[in-house]
Every structure is written in structure tokens, then in C-alpha cells.
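Q: Residues per chain, in single letters:
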Amino acid sequence: MTSVGLHHFVLLSAVLFSLGIACAIARRNAVAILVGIELMLNAAALNLAAFSRFGALRAEGQLFVLFVIVLAAAEAVVGLALILAIHRRLRSVDVHRADSLKG
Amino acid sequence: MEHPTTSTLLTWIIFTPSIGLLLIGLLLLTRPLTQLTQATLDHLSRAIGVFFSAVPLVLGGLLWASFDGRATGMQLVHHTVWMRAFNIEYFVGVDGLSVGLVLLTVLVSFVAALASLPWGIARDDHHHFSRRAVPGYMAMLLLLETGMLGVFCALDFFLFYVFWEVMLLPMYFLIGIWGGPRREYAAIKFFLYTLVGSVLMLLAMIALYFASDPGALGQAAFTLADGSTGKHTFNLLNLAELGRQGAFGAAGPILGVAFPRIVFVALFIAFAIKIPMVPFHTWLPDAHVEAPTPVSVILAGILLKMGIYGILRVNYPILPQATLWAREAIAVFGAVNMVYAAFVCLAQKDLKKLIAYSSVSHMGFCLLGMAALTPQGINGAVLQMINHGIISPALFLIAGVIYDRAHHREIERFGGLARRMPEYTALVGLSFMASLGLPGLNGFISEALTFLGAFPVFTVLTIVSAVSVVITAAYYLWTIQRMFLGPLNEKYASLSDLNWRERLTLYPLGALMLLLGVLPMPVISLMDPTLRALIEPLARSAGL
Amino acid sequence: MTEFRLLWLIPLLPLLGAFLSGAFGYRLQRRFGERAVAVVSVGLPWLAFGAAAWALLRLLSQGDVHALGARLWTWIAVGGLKVELALHMDRLSGMMAVMITLVGSLIHVYSIGYMKKDEGFWRFFAFLNLFLFAMLTLVLAGNLLLLFVGWEGVGLCSYLLIGFWYRDLKNARAGMKAFVVNRIGDFGFLAGMLVLFWGLGGSWSEAGYRPGEFFSLDFAELPRLLSGAAQRTLWGVPVPTLAGVLFFVGACGKSAQIPLYVWLPDAMAGPTPVSALIHAATMVTAGVYLVARLNFLYLASPTAMTVVAVVGAATALFAATIGCVQNDIKKVLAYSTISQLGYMFVGVGVGAYWAGAYHLLTHAFFKACLFLGAGSVILAMHHEQDMQKMGGLGRVMPFTRWTYWYACVAITGLPLASGFFSKDEILWQAYNTAGLGVPGWFLWLLLFLGAGLTSFYMWRSYFLTFTGQTVKIHGEEPEEQRPVITGVLAVLAVGAGVLMFVGLPEAWLGAPPAFEQYLEPVFKHGGLARVYPAGQGHGVELLLMLASVAVAAIGLGLAWWFYRGRSSAVPERLRAAFPRLHRLVQDKYYVDETYDAAVVQPTLELSRAASWFDSRIIDGLVNLSGGVTRLLAFLDGAIDKYLVDGLVNGLARLVRAAGAAARRWQTGRLPNYLAGLALGTIVLFALVRLLQAALGW
Amino acid sequence: MFGNLVSMRLLAPAVVLGAVALFLFLASAFVRRRETGRWLFPGAALIGLAAALVTLLETVRLQYLPDGYNCLLGGCTAFLGMLAYDPLAVFFQALVMLAAVAAVVLTVGSPAVPQARRGEYFGLILAMTVGMCLLVSANHLLMLYVALEAVSLCSYLLTGFDAKARSAEAGLKYALYGGVASAVMLFGLSWWYGLFGSLNLQSLHFCMLGSPALSPGESGAAVVALLFILAGFGFKIAAVPFHQWCPDAYEGAPTPIAALLSVAPKLSGFAVLLRFAFNLLFDPRDPETLAYAPAQLEWALWAIAALSALSMTIGNLAAIPQNNLKRLLAYSSIAHAGYLLMGVVGGSQGGIAAVSLYGAVYLVMNLGAFAVVAAVERATGSEDLLAFHGLAKRSPLLAVCMAVFLLALTGLPPTAGFVGKVYLFASLLKGGGSLPVILAVVGIVNTVISLYFYARVLRAMFLLPPEPGLPERIAPDGAGLLAAALAVLTLALGVFFGPLAMLAEWSAGFVR
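Protein chains in written order, with our numbering: chain A, -7 to 95; chain B, 46 to 589; chain C, 88 to 784; chain D, 16 to 527.
The set of hints was computed from the structure by calculation and includes no laboratory data. Glycine residues also receive a C-beta, built at the ideal position from the N, C-alpha and C atoms. Please note that a few of the clues may not be correct.
Claimed, not checked - Selected chain A positions facing chain C (Cβ under 10 Å, derived; list incomplete):
1. R20
2. A22
3. G28
Unchecked claim - If you want the ones that stay clear, here's a sample from chain B, every Cβ over 12 Å from chain C, calculated:
4. L78
5. V103
6. P298
7. V310
8. A387
9. F388
10. H452
11. L576
Stated by the list, open to error - Simulated crosslink set (DSS-like; lysine-lysine; CA at most 25 Å straight-line):
12. C:K257 / B:K394
13. C:K675 / C:K257
14. B:K536 / B:K394
15. C:K476 / C:K611
16. A:K94 / D:K179
17. C:K203 / C:K169
18. C:K559 / C:K203
19. C:K611 / B:K536
20. C:K476 / C:K675
Could you put the whole structure together from the sequences, leaning on the hints where they help?
A: Here it is, written out as C-alpha cells:
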């Protein structure tokens, strides 16, 4: 059995990040985009934690993860509030319909 | 280094028009309090406009009296530190090259202010430029005058550039608001062309600044106005001194081209647009055709001179090696200007456009003359600026006279006007003759000097460009024939001859054409020593 | 040279007249009638004549002085060039000045009668006075540049006066043609001056920059300078030759020689006194004067002399042929003038300057007399100029007839009038010439044939006009003119006669003619005043004289036979026999048409092409090294319309399209934006990788 | 490096702002009377900002801190290296506070924000200001990220604050775009941390140089990481290709907020970018000689130059067809991000000074332009170009002010914009080399292109007749007065730019 090493974490975080950005770009549902963002943030958090653990570095990385978690929550709150506001007006969370500003 | 005479006279001349501008602004701002009627406001603005362009004229007389024509250096300088940051100085002064142009500027500006009065314009013609938004118009005219005078007096490159750009906006508005039917197009075209030139100049200016290393010369030459020394300098005289010593040749190449050459080209294009040199000239006909008469007067009389002036003030002394490298090209451009524009003139149908192209043709003389680097050539070139600065305003005033009456300027549609407007015809004849270089009138002196000076250096080119002399006669005479001779076009049988405003503006210019034709030495002797000092080192290294 | 400030009076008095009648003439004429204008503008030329005569006497009284000078101020002084505003009167220019003021004043007097009741009376006199000023400046100028002032000044006045009756567009066109053709000549003059300036050193020479040396273009200075520069060449041509030929181009323009003569016949559109003064007696001889003035230059270049002589001879014959078939009396005189000018050029061209000058002087009188006589006829005929419609005027206009007759005697070279002597001197000198590029006998032959033709067409004009049945105008017979006109005719005719005494040939007297002696100081330094050995060849000279009298007599005889009393049918038959030839000559060899097709139209086409190029290509291209045009175009629909047909250039489209594209990317849809973000990053990454690979970081 | 207790004194401005923000949030919950709110909220906000400014100056006066550090000259770090207090920070903090003041003033007369919710609104502005203050001081990647998020979250909310539908749409787009951008940046940061092992900005340079040679894979990862971080900065300063949120957000946001967004976050983004770039790219020991530090990082300069050129070009081109003034100014601000990036590429202290100076100038002129838009919008209810037709006749004052701002934005003398441009170009050309010259030429071309659309506005105001149906005259209001004051300032700074130039050069002292 191979031990779980740094590159496993890094690989996982890369996958997570890719999934996140793909989700953000491909989905038209605003909530889904928000989810994509969360995925990307968590990928980064995973990276930080892994580097901190495996790189024989100081605990800065793990500290950072805590901040990321909090900020992700704040981001979600603000995002959802704005999604609600748009939903009230458009009766939809499809971002393609929110295209009155363009050009 | 001889000590130049110091004086605040130039500062007064430059900024007197701005005082008028501020007064007009004050009138407008306090209008809620003073409750002036529109008519009163208009009258006051006109009075301010005329007065504050007359004062520089008087001061110009003083300038002439206090200028010493035998000296070659700067005179009447006013020199203080402006901004320590980049060693930018407020440094104005005149030498033989600029003094004539300063005098020309105050004269032509005054004439333009007079020509902006609504005397003699039909009372019901509310759309005439002289009745539209008068305070703004006069304010712009005064601002323009400050800018022009500043350019001719500035001896700090940065200051020069600031004044150069200050002219841009009033001109844009003067054409764009008070101009003819296609004024917006003409105004923006003027704006863009000039801007292209000036941004190039900006780059070149900064490049020169950083390439200047005062340490290379003793400290003495490089002390600022307050006695301190700077690291780099914008001071045109110091830059020229550096240029004389070949300091810029040492700077590294830019994009693979030698530093002096690329800077020279950038500056040259910037100035060439203003001259205007073929092929950068196409803004001029449009600007002239749309601009109101007094603005055309200023445009042709003064603004066009700035290109040549800039080359002589900046390119020649600061980048002598590049000047020698480029002089053949300049001469060719000059010849092309003269001949090509003359041909284009022959095909014009609009009087103002014809005059505009003739300006292009006549500015070619300056290019040819100054490229020759001979005393006659350079004197001819600068004298041509002055002479053209007297003749072309008269020509545009003439175009304005007929436009005010007939509301169009199509040469073909007139005919036989000499019968109805003899005085006008006589003045047109005089101005045309002066412009085509009839000996005895002022245009001839500068043309002859240019040719005499250029021929020893560019024999074939000079002969080729002399062809324009024939073409010029042809298009002017053809114009006279079509407009004034032949049977009277009955449609214009009721046109009146000149009124007092037109006489007041045209006669002094006409008198100068005659006077400078037989007595050009007072002007030549003002500038000759300076110009020769300018070209002698160049000529020496060119092996002439 | 003696300073004589009052020389300035000579040109300035007419200038004062021009100013007074120009500025106040209109009001004077309104207020006090033509008389007031006439007093001023006729009086002042007479005063000028007085001044000129006084100055000339003064010059002659100072035996050893060759010239009087009058300096006003330094005109132009730049570098090595220093030109004074200075007049200069030697015997040649003194003779010219006196002749010009005298003939000019006479013609002024004549004009009082001729221009009567013309509303432009004052204007006419103003121009005429101005002309005198310019002409006097030309002949009295102390240097080339000042001469050029007069040179162009007379051209301007000629333009103004040809188009004097400007309401007829034909006259205006003739004026313009004269000016522009003259301008082509002036181009030659200018180029000549440049070559001279360059060639004579000035301050610039092949050796390098030489400051402090002054070059004045002064006639007194030029010979000395030329001697040092005679060997220099430009474009492979020696300087004297090049300058000489170029100056001669100028002379061709002013003096109506091939190929620039075309303006002179058209110039007859001006009032007849103008034709007499400007286009016969004075202005057109300026070219001859110029060559005589620059004699030192031409003597240094046989090639240039050859050009002058050959062109002169060719013109003399060529113009004479056209003169034979013209019907307009003034046109006949015009071609005659061109032809006679050719004679003068041969005179100065072969180095016999005094002969050329002598013919110039006599021609001034008899040709003025002819023109004024023609003017008198024209007045009588109510401005009818076609000789076919005249006839029998001799009976009703005796004064005019006999003065015209005597002038004809003079011009056709019959003895007992000055023309005989002056023309024969030229023929003789031409025959004798050697060292030019053409043999002397050839020049002589051309002139000889020309003399025959001259006699024929002049007498033809005389017979057609004055003999035969008297015509009636509106049922009335024409009348003789007032004394103010006939008196002038008489004086000129007397002048044409008296002048023969100064030119009696050496073959008769055994001594050089008085006129040659008079001009000797002017031309002696050239060292080539005479081209034949003194005292030899008088026999040949007498023989040739006889031959030319004979050919003149033949011409007279033919004219008498063909045209006297209009009774002969020979001209008709000849015309029928050679229709093509007749057409060709009558239509003046189609030279005007050829010029129009070969020069004028191409120039106009070129100008139109240049204009098109300017507004479409350059404007289109430069405007946009960018999409200025295009971008402006969309700022304003009207502009769009104007510019769409301008040169469409790729860059313009590009900028506009780029603007639109940049806008199109902004879809308003969030996922697109996010894709843009990702794509942008990827592109940046690719760019960086590329750079790293390329630059090897 | 100060410990936490000493550092509190340096944090005073942020504390003041935070306290006032808190007060406003609470007050908006309790103050029910409209009249009270009308003066209380803006009053409190202004007082808070004023107090913050005063305390900021007070911190500057703390020249000799206990262990001999000098804020004014060299700068110092606080909270164990988390925050930097140096001239750059002070300069940009002052700028963002001034911008906030302007936003508050503009809001007072604006119809955009519902009166009832103004307490929160002003509170959010102050909170955002706190974030920006921290951002410009951030000296650690963690601090940088947190401050960035704080600014962003506040601006999302403010953008969506208006009751109009497009405001909410703008807020949503901004929030989601910003979320993705910050996540990308964070991912980059995490990799950076992994590769070099430090999050402290000041050690960035030494990390790079000191670390053993990177394997090809690792250097690729370093490139990606840096680019991801750059993307985050690019989003904040609205540089192409990370700009697309910008026009939509500005157009949808209430005009005062658009004004604030166009200036404050952008400038604070630049401040932190400068700090980042100079710590990374330039050898701090030799700032004058422009040691483009490690050769293996030169590509980063090219990347920044590419961003600069793209921003200028795309921004200007896209601005040409715009008819909505806010949108036009948004594109203009994108182009200006490009101009400012020229200063970053120019490098050296001169470059920093140029960015600082241009930043200050940009603040003045851009706020001025938005103030005019706000004034016109209040009078006509529209920010379309049509509303500006014939403005010279309806309100000469506003028209003249706008003309001054537009000329300044174009960069013509005698306005401050010209001085700024000179500094930027000068910083580029100073060192020579082909990259700066090429970039300068691009900048020149763009200056000309930019004239098209600025001149369009000039033309509308001065050359065209007023549109029928618009008010005959526009009386000057608060926004108009602000515009006039800023116009005077723009001209004054164009002629007497000495003091400002000194300040800017002082701010560049942080690298020493």
C-alpha cells in the first residue's frame, strides 16, 4: 500500500479546482456558480493545508485555511443575498437572463 | 556665455490676453449678480477682446524697440524655477528667430480680433459667427493668443509643450462652434492630427530629457534659475549646447535606430503636421474651409509657422547630426510641397480651399530654404514665414469678405465682380500678386532669397520647385479671371464694396506687403545674426 | 560712377501719377471730368521725360564718366549677397529712358483722345503710369534683382492693360495668357539668376564656405566676377552658356520669340495705345535690352550667342509669314513686331549690340506710329479692326494716311527713313558674323527673306486700309481724328525720320555711325564690339544694301499689284491654288492649339489628378494611419456619406471593427465573462511560455 | 517589526472608520425618522472619514517610534509583519479616504439610494474604506487576501444597493465574477506558498533567489501561480482580460458607487500590486538602478506589459461606441488601468512615483467626471450621451468642468492629467530598452484613440444643440460644486504640481 503523499493532495486539489471552474463557467444557474466558487476555494484550502503539513513549513498555511473557510461563508452569504434579489425581480436564477447590462 | 538681458516684458506680452480671458470669465460668473443683458455682455466681451489683443501689439512695439538685432543670443529673458521635480523652468526669451514671429503674432491676433467684430454684417444675420456666443468666442481667441505667444517665447521644452497644447483646445472650439457647415468634422480632424503630432513630441521630449547629462558640460552652463544644478534638463538652450557637443549621439539606439535620428524623426513629424507638410497636410484645407474668417487668419498667419519654428528651435540646434542626415529629405519634402500643392490649387473650386492649398505650397519654400543651410536659404525661409504671415491673413480676410456677402465661395459662380467691387478687387489683386511673388512686394524677397540660397546646394531640386512659380501665377490669375473679370453675374449685382471693418483689417496688411517689398532689411537684420549662428556649425560640418 | 540722386525722379514721377490717378482718379473724374485726371497723369510722364533728358545730358556732359548712379538704401543683405536699391544710368539705359519717356508721354497724349468717354479713363491712366514706372525701373536698374522688379512689373501692367476691358472675357483671357507665358519666361530669368549667383561665387563655392565676400548682382560688378568664373560648369554646361540661355528664355517670354511668342498676338485685345506703347515700343524690347545689358555674359559664350541669333532669325522669318495672311490690322502689326524683335535679337546675338539697340530705337518710333495710326483708323471705323472691311480711308484721313505711309517706308527698309539704316546694319553684321555655330550668310538669308515678306505684308495693310473705295460706317464716311491724335502721329513720324541721321553707315561716311560711337563706352569692355575689320568690305556692304532695297521693292510691288484698290483677283486665285498652305499659315501653324493640347490641358489634367489624389488617397490614407476618417465617419452620418467613397483602407476598417468586436465580447452573460477570465489567463500563460522559449529565460 | 500593542496606534484610522461604520449599521436599525437620517448618516460618515484622515496624519507624525523606525522615511511593519506602515500605505490610504468622502458627498443629492437604507449604505462605504486601508498596507499574503475579500464583499453589496433591477444584476455579476477571480487568486497563492514556503511579501524576493533551482515542472507551476495571483490583481484594477465585470458593474451601480469603484478599489489594488511587484521583481537593495531582479522572472514584466497594452487598447476601442456615460467612463477607467500599469513596467522608484502621482490625479479627474455625470443624472434622470447634448448652454459650469476632466483624462496640458502622463512616460523611457519603448508607443497611440470618445462628449456638450425635453437650465448642486472644486484642482495641479510630485516621490520611498 502506498502511503498518501503530497502529490495526492495536490492532485485532488487540482481536480477540485478544475471541477469548480468548469462548474462556474458551464452552469447558468447562479447558485451552481456559487457552488463552483466554493469548490475552488476549498481546493485552495486543501493545497494550503497540504503544503503546510508536508513542506515542513510553519503553520501559516493551516491558519490561512481557517480564514478561507470564514471568507467562503461570507462570500456565499453575499452571493446568495444578491441571488435572492435577482430572483425577486426575474423570478429566475438563470444568469443568462440577467443580461440587460452589456455592450 | 554672454549674459542675456532680462526683462518681464515677454511675460506681460504672453499673459496680457489671459487677463482678458479672466475678465470675460469674471463677467460670466458674476452675471447673476450684475444682471447684464446679453447685448451688453457681448459688447463688453468684444471690447475686452479687442483691447487685450491691442495691448500686446503696443507691447510688441516696445519689444521691437528694446531688441538688439546685432546680438545672436537670447534677449529679454525671464527665468525662474517652475517645478523642481523635473528641473522644469519658466524660461522665456526671444532671439532673432522668434522676435519676428512674436511681432507677427501680436499683429495678426489684433487683426483677427478686429475681424471678429460684427460691423457691416447684416443686422438680421444672427447666425454669423460674430454674433454667436460672443464671450466664449473672445475668450477662446485670447486663450489662443496666449498659447501662440508662449510657444514662440518658451525656452524650456516642457513649457514649450504646454503652450503648444494650450493652443489646441481653443482652436478646436473656434472651428467646432463658430465654423461652417462641416465644422465638427474639421475641428475633430484638426484636433486629432495635432494630437498625433504632439504625443510624438512628448515622447521625444522625454527621451531627450533623460539623454541629457548636464555633467558632461561644466556646471556653469547648467545651473538652474535659482543657482542649483539639475540632473537632467528641459532647458532648450542647454539641450542645444549638449547637442553641439554631440552628447546625444552617445545615447543608445532605440528599436535599432540611432537615438538622435529617431528623436529627430519623431519631432519632425510632430512639427511637419503643423507646417503642414505633404502628406500630413490634409487637415488644413478642411480646417480652413470650415473655420470662421478670423480663425483662418490666425491659423494661416501664425499656427502654420509653428512647425518650421519648432524644427529650427528644437531639431536643428539640439540634433545637428541628425539634421545633416535628414536635410536632403527635408529639401525634397519642401519641393514636393511647393509643386504638388500648387497643382492641387489649380483644380480647386472653393476660394478658401485654394488659399489653403496655396499656404501648403508656400510653406514648402521654408522647408527648402532651411534645408540648404546657407545664409540666404535660412533667412529666406524665416522671412517667408513672416511674409506668408502677412499675406495669407489678407487672403483669408478676402475670402471672408465675399463669403459674408454671397454666402458661398465657389469661384466659378462669381464673375465680373470687379465692376461692382473695385476696391475689393484691387486689394485682392495686391494680395494675390504678393502671394505669387511679384517682385517689389514682400513675397518676392523671401522667395528669391530661398531660391538663391537653395540653388548652390540643391541645384536640380531648386529648379524643379521653381516650376511652382509658374503654376502659382496660373491659379491666382485664373481665379481673378473667373471671379472678377468677364460679364457681371447679375445675381451679385447688388454686392457692396468693402466696409470699414474690412478696410481696417486689410489696408494695414496691404501696406506691409508693399513696405516689406522695398524695405525688408529692418526685418532681415533682426534675425540674420541669429540665423547664421544657428546654421554655421551645421554648414561647417556638412562641408558646405 | 557719379552719384546723381535725382535719377530716382525718373521712375518715381510716373509712380506718383499712378498713385494719384489710382487713388483719387475716380473721384477726380466724377468731380472735374477727364481733363483733371489727364493733367496729372499726362503731365507727370512729361516731367519724367524732362528728368530723363536732363540726366542724359548730364551724363554726356561728363565725358569721362560712364554712368550715373543713385542709391536709395540697401535692399537685401544676407550673407554674401548684398543688393542695393540703386539706379544706374549709362548711355544705353539713358537712351532707353529718354526713348521710353518720350514715346510714352506721346502715347499718353494720344490716349487722351483715344480713351475719351471711357468710364475707366482714370484707371487706364493709372495703369499706364504704373507701366512707365516699371519700365523705367527695368532699364535704369543697377542690378539684376531690381531689373527683375521692373521686368515683372511691366508684365503685371501688361496684364492689367490687355484685360483693361475686362467685361469681355476674351480680353481677360488674353491678359492672363500673357502673364502666364511671361511667367514661364520669368522662370528662365530666375533660373539664370540662380545659375549666375552660383557660378559667380557669391559666398558659396566648391572650395568651401567663404564668409565676408559680397556679391551684389550689380551690373558694374558682374563682368569682373564673370571673368573668374567663366570656366565653371554646371550639369556639364559652362556657366556663361547656361546662364545666357536661361536669361534668353526670359527674354523670349518678354520679347515674344519662338517658342513663347504666342501671347503677343492675343495681347492686341488691349486698347490700341497699350499695343503701341507696351507691345511695340517698350516692354517687348526689354528682352533685347536684357541681352545688350548682359553683353559681357553672352560674349563669353558663343553658344549662347548662337542660340540668340538663330532664334531671332527664325522668329523674324516665321512671324513674317503669318503676318502676310492676317486680316486684323492689329494682328498684322503684332506679327510684324514679333518679326522685328527677331531682327533685334539677331543684332545683339551676333555681338553687334549697338545695331540691335539702334533698331530697337527706330522701331519704337515707327512701330508706335503704325500702331497709333491703326488706332486712329480703328477709332474712325468704330472699333472695326478687320482690314477686309476697310478701304479708301486715305481720302478722308490724310494725316493718318501719310504718317502710316512714312512708317511703312521705315519698317520695310526703304531708304529715306531710319528703318532702312538700322535693319541693314543688322543684316550686314549678321552676314559678317563668324565664330558662331551658324554661318553668317545663313542668318542673313533668313533676315533677307523676312525683309521681303515684311515689305509685302506692311504694304498690303497700307493698301487694304487706305486705298480703294471709301467705306461707309452707318451710312457716314469715317472722319479724321482730332489734333491730339494726329499731332502725336506726326511727331512719331518725324522721329522715325530724324533718327536715320545717327545711324548713317560707315560705308557712306567712312567713320563709324554716330550711334555706334555713342554706345561705344557701354560695349567696349567686351572687346567684341565689331566683328568685322574696320574699313573693309564696304563694297559688299553696299551690294547687300542694294539687295535688300530690291527685295523690299519686290514686296512693295507685289502688294501693290495684289491689293492696291482691291482690284486684283490674284490673292483669291493664290488662295484657291494653295488652300492647305493658306489655312496653315492663316491659322498660325496651329501653335496655340498644339500648346493647348501639349501643355495646358495636361497641366490641368495633372492638377485634377493631384487634387483627386489629395482628397482621396492621401487624406484617406494619412487620416487613418488610422481610422480617423472612418471613426469620424460614424460620429456623424453626413460625414459618412462624404467619406465612404474615399479610399477605403484596411486599417480604418480594422479599428472600427475592433471597437465593435470589443463591444460584442461584452455579451452581458456572466458565464461568458468567466470564460473570458479563464481564457485570458490561459492566453497569458501561453504567451509567457512562448516568450520563455523564444528568449531563453 | 512592531508587536501587536504598539501596532494598535498605527491602526487608529482603520479603527475609527470601523467604529463609525458599526455605529451607522446600528443607527440605521434604530433611527426611524427620515429627517434625522437625512443629516445624521452622511454627517456621521463624513465626520468618521475626517477623523480617520486626521488620525492618519497623526500616525505620520509618529516619526520616532520606540525602536527608531521612521514611518515617514523608511516605513515599518506592524502586527508582526502583517501590515506595512510606510509612505506608500499612507499616501494611498489618504487617497481612498478622499475618494470615500467624494462618494458620500455625491450620494447626498443622488436619487439612486433609498433614503431609508442610507445608514447601512454609508456604513458599507466606511467598511469598504477600512478594507482598502488594510489592503494598501498588506504586507503578507494572508492579510492581502483577507483585505481583498473585505473590499470586494462591500463593493458587491454597494453595487447591488439600488432598487433598480439592473443594480441587482450588476451586483450579482460582480459578486460571482469576483468570487471566481478571488478563488483563482487564492489557488495561485496556495501554490506560491507551496513552492517558496513563505507568505510574507518582503521575503518574496529572497525566497525566489534563495530557493534552489526549480525543476522544469516547478518553474511551470511558479508561472501558473504568479499568473493566477496576477489575475486577482487584474480583477481588482480592472485590467484586460479580467475587466468584463467592470462596465456592467459601473453602469448598474448607483452613480456615487460607480465613482467610488472606479477610483478607490482600483487605486488600492495598484498600491498592493506595486508592493507585490516590487518586493518580487525588483531588488530592494538597489531600487534606483532598476535591477529587473531575477532573470528568470523577467517574463512577469512582459506579462504586466501585455496586460497594460491590452487594457489600454481594448478599453479605448470599446469606449468608442458607448453612449452611456457611466459605461464610457468604465471603459475609460479600464484604459487608465493600462496607463497606470505602464508605471509598474517602468519600474524603479520613478515608476512608483509615477503610479502614485497618476493615481492621485486620476482620482481627481475621474471623480470629477463622475460628479458631473451625477449632477446631470440628478437633473435629467439619465446618464445617456443625449442628456449631455448642449450642456454648454444649459449649464456652462458643468460643461466647462467636464471639458477640463475630459482633457485631463486625455492627458493634455495644462491639466493635471498631462503631468501624470508625463511622469508615466518618463518612468517608462528613463531606463531605455525596447520593451518600455514599445509600450510607450502603444500608450501614445492609445492617447490618440482615446481622444475620439472624449471628444465625442465634448462635441455633444459644446457643438450640438440641446435635446428637446430636457430641462433648460441645470442649477448647481452639491455634485456640481464638487465638480467645480475638482476642476479647479485639476487645473491647479496641472500648473503647480510640485507639492503633489514631492508627495508621490515620497510615497515611492517605501522600497528603500
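Q: Confirm or reject each hint.
A: We went through each hint and held it up to the structure:
no.	hint	in the structure
1	R20	holds, 6 Å
2	A22	holds, 8 Å
3	G28	holds, 9 Å
4	L78	holds, 39 Å
5	V103	holds, 27 Å
6	P298	holds, 19 Å
7	V310	holds, 14 Å
8	A387	violated, 8 Å
9	F388	violated, 4 Å
10	H452	holds, 19 Å
11	L576	violated, 9 Å
12	C:K257 / B:K394	holds, 21 Å
13	C:K675 / C:K257	holds, 18 Å
14	B:K536 / B:K394	holds, 19 Å
15	C:K476 / C:K611	violated, 51 Å
16	A:K94 / D:K179	holds, 16 Å
17	C:K203 / C:K169	violated, 47 Å
18	C:K559 / C:K203	holds, 23 Å
19	C:K611 / B:K536	violated, 64 Å
20	C:K476 / C:K675	holds, 21 Å
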